[in-house]
Amino acid sequence: MRVLAFSHYVDLALELISAGKGLGEVSLIVTSDQEGRIGEIRGADEILLCKELDSGDQEGLVELISGLGSEYDVVLLAGDRRGRELVGQVAHRIGASSAVDVSSLSAEDGKLVIERMTFGGKAVAVEELNLPAVISVQKGKFKPLEEGEPSVREISAPSIDRRIEVLERKEKPKVGVPLDKAEIVVAVGRGFKKKEDLKLAYELAEVLGGVVGATRPLAADLKWMEEEVWIGISGVRIAPKLLIVVGASGQQQFAAGIMDSKVVVAVNTDPKAPIFEQADYGVVMDLYEFLPVLTKKLRELKGG
Amino acid sequence: MDIAVLVKQSLDVQELRVDQDTGKIYIEDAPTKAGDIELNATEEAVRLKEKLGDKAIAVMLSTWGASGKRQKEAREALTRVLAMGLDGAVLIMGEGAEKGDTYVIARALAEEIRGKFELVLAAEGSEDNFSGLLPARLAAELGWPYVAYATAIEVEGDHVKVTRSLEDFEEVVRVKLPAVISVTQEINKPRVPKLVEIVKAKKKPLDQKDFSPPDEPKLAIKTLKVPKVERKQIVIEGDVEEVAEKLVQALREEGVL
Ligand SMILES: Cc1cc2nc3c(=O)[nH]c(=O)nc-3n(C[C@H](O)[C@H](O)[C@H](O)COP(=O)(O)OP(=O)(O)OC[C@H]3O[C@@H](n4cnc5c(N)ncnc54)[C@H](O)[C@@H]3O)c2cc1C
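These protein sequence lines are chains A and B, in that order. Taking this note's numbering, the leading residue of the first sequence gets 577, the next gets one more, and so forth. Taking this note's numbering, the leading residue of the second sequence gets 26, the next gets one more, and so forth.
It is possible that part of the hints are untrue.
[As the list claims (entries may be wrong)] Beta-carbon label-pair distances, calculated as ranges:
hint: 1; chain 1: B; residue 1: Gly119; chain 2: A; residue 2: Asp630; range: 26 to 32 angstroms
hint: 2; chain 1: A; residue 1: Lys769; chain 2: B; residue 2: Glu267; range: 24 to 30 angstroms
hint: 3; chain 1: B; residue 1: Glu241; chain 2: A; residue 2: Glu730; range: 36 to 42 angstroms
hint: 4; chain 1: A; residue 1: Gly612; chain 2: B; residue 2: Lys257; range: 46 to 52 angstroms
hint: 5; chain 1: B; residue 1: Gly168; chain 2: A; residue 2: Pro749; range: 44 to 50 angstroms
hint: 6; chain 1: B; residue 1: Gly140; chain 2: A; residue 2: Ser646; range: 24 to 30 angstroms
hint: 7; chain 1: A; residue 1: Glu730; chain 2: B; residue 2: Lys257; range: 54 to 60 angstroms
hint: 8; chain 1: A; residue 1: Gly600; chain 2: B; residue 2: Gly140; range: 38 to 44 angstroms
Don't read these hints as lab results, they were simulated from the structure. Nothing here was measured: the structure is a model prediction, and the numbers come from that model. Cβ coordinates follow ideal geometry from the N, Cα and C atoms, glycine included.
Take these sequences, add in the hints, and give me the full structure.
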């Protein structure tokens with residue numbers, strides 16, 4: 577099979593190459609803003625370098641990938657927001673099948689068989705896609721390859737009539753320790769009454785040597801966290817050895833993001849909160865009462 | 026400028042029962058509803074049309090068959106968004122629609138939208154599948170620009186200014202109409218309709234059309250598996266000190282401290 581890959585993020589592009597090599601030959605599109613990192617790219621057969629296109633140009637990307645895509649069996653894109661924005665557009669332009677957030681893929685009888693989460697994480701769908709197929713790959717599922725220096729071929733960008741103009745772009749503060757790599761996570765929810773109270777969670781995370789994550793409303797709506805990183809189906813999926821969920825109800829869309837955690841502790845005042853069904857250890861208590869005591873006990877333990 | 030809001034009849038995933046031992050998924054028993062983020066899209070459409078004085082219509086293509094139960098739920102879901110202030114709704118429904126993939130559904134929806142609307146609003150992802158593929162495919166089918174993850178929308182003549190939230194930055198873009206825009210849950214707080222609005226909504230035009238997929242789908246679901254997640258579900262009892270003590274002990278035994 578011939579595979580075409582692209583991501584706005586070089587780190588994710590490396591994961592796509594790894595996913596694609598399981599199927600066949602991989603060509604990776606590299607845009608002008610990524611040119612400086614070409615030296616880090618391993619495992620692809622070929623780099624298609626487009627110096628005339630910046631990865632911030634969504635319409636240009638759709639045009640370029642759709643144009644090239646018809647010569648390939650599979651187009652792999654990344655599962656970040658901009659990657660997902662491309663999938664449906666490119667698939668439709670080349671008359672391809674599509675799927676997003678794919679966790680495994682293989683070729684079978686001239687089709688692409690993939691797995692992906694559905695129903696808010698309650699099920700995994702195994703789907704058979706006609707070729708050509710355009711899919712996005714779940715982050716963190718494929719390890720970058722270390723071997724194989726690709727050849728580089730320059731390509732030009734198709735000219736198009738643009739209808740989207742970027743007026744402004746503001747960077748968000750960078751994430752410290754990425755949640756998906758953390759060993760210990762304290763996840764906070766709307767049970768916290770004010771932003772300042774999150775200090776209780778940060779102190780607990782500190783004695784444990786962990787990081788703090790949040791539910792979507794806390795991060796995206798209330799913006800209580802430094803950066804918009806939340807856990808769940810529309811955010812990050814985590815796999816720590818210990819997860820302590822504090823003041824979060826455990827709605828399905830959040831729960832989908834914590835399934836791979838080894839040990840889960842839940843602290844919630846409501847004994848009927850769905851989070852208790854997804855926890856190994858449940859504490860039905862007010863977080864304001866419980867967290868300081870737990871932090872103190874852990875500090876004593878770690879100190880002595 | 027008339028606005029179409031895509032409202033999906035979503036399975037209520039919170040209510041969906043799955044059996045981890047047998048792997049059975051009780052899809053038929055689960056209720057369906059308008060997805061939460063589609064209420065945000067509806068709210069945005071109502072705000073825009075109130076400012077511009079145009080019409081906003083809900084368009085729903087149901088993919089859960091056409092049983093009496095599903096028909097009733099689809100109409101209830103549409104009544105809900107009509108009560109928020111939309112002017113009318115189109116319900117497209119039929120046996121066999123379950124087999125339609127996003128390719129087929131996008132083509133069918135485009136038929137309903139082309140020539141009638143200049144702005145299509147959708148959710149960043151549906152509540153049950155959350156792929157976000159449909160609005161993107163619809164845009165491609167219509168030949169319109171597509172911008173996802175909107176957190177604010179302003180109409181400026183024949184353009185819309187969209188603020189959108191991405192992982193590492195926030196972007197403001199100017200998009201030429203006609204266009205398809207998908208919104209996030211943070212864009213607004215959907216209004217909660219009053220009883221009288223719900224009563225009035227039942228009298229608003231709801232145009233039901235029959236549907237059978239015109240094209241062959243490009244994918245087939247082979248199986249649906251239920252992931253096994255085993256949790257101990259031990260509730261630790263006692264006073265604060267005791268509970269904290271027992272929890273620390275348990276976590277030490279688990280070897281995670
Ligand atoms: C398509 C879609 C995608 C979504 N994606 C995500 C996602 O990726 N991630 C995500 O998180 N959400 C997501 N959501 C939202 C999700 O459905 C829930 O609304 C959200 O997870 C709830 O957040 P929460 O638990 O913080 O708040 P709530 O549900 O309000 O829960 C707060 C909890 O705190 C408890 N509490 C209150 N006071 C105290 C106290 N003093 N001590 C202890 N406990 C207390 C309450 O009992 C309650 O259980 C999505 C929704 C949709 C429709």
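Consistency of the hints with the structure:
1. Between Gly119/B and Asp630/A, the C-beta spacing of about 45 angstroms breaks the proposed range 26 to 32 angstroms.
2. The beta-carbon spacing between Lys769/A and Glu267/B, approximately 26 angstroms, falls within the hinted interval of 24 to 30 angstroms.
3. With their beta carbons about 39 angstroms apart, Glu241/B and Glu730/A fall inside the hinted range of 36 to 42 angstroms.
4. For Gly612/A and Lys257/B, the Cβ-Cβ distance of about 49 angstroms falls inside the hinted range of 46 to 52 angstroms, so the restraint holds.
5. For Gly168/B and Pro749/A, the hinted distance range of 44 to 50 angstroms is not satisfied, since their beta carbons lie about 38 angstroms from each other.
6. A beta carbon spacing of about 28 angstroms between Gly140/B and Ser646/A agrees with the range 24 to 30 angstroms that was offered as a hint.
7. Distance hint for Glu730/A and Lys257/B: a CB-CB separation of about 57 angstroms, consistent with the stated range 54 to 60 angstroms.
8. Checked against the hint of 38 to 44 angstroms, the C-beta distance between Gly600/A and Gly140/B comes to roughly 42 angstroms, which is consistent with it.
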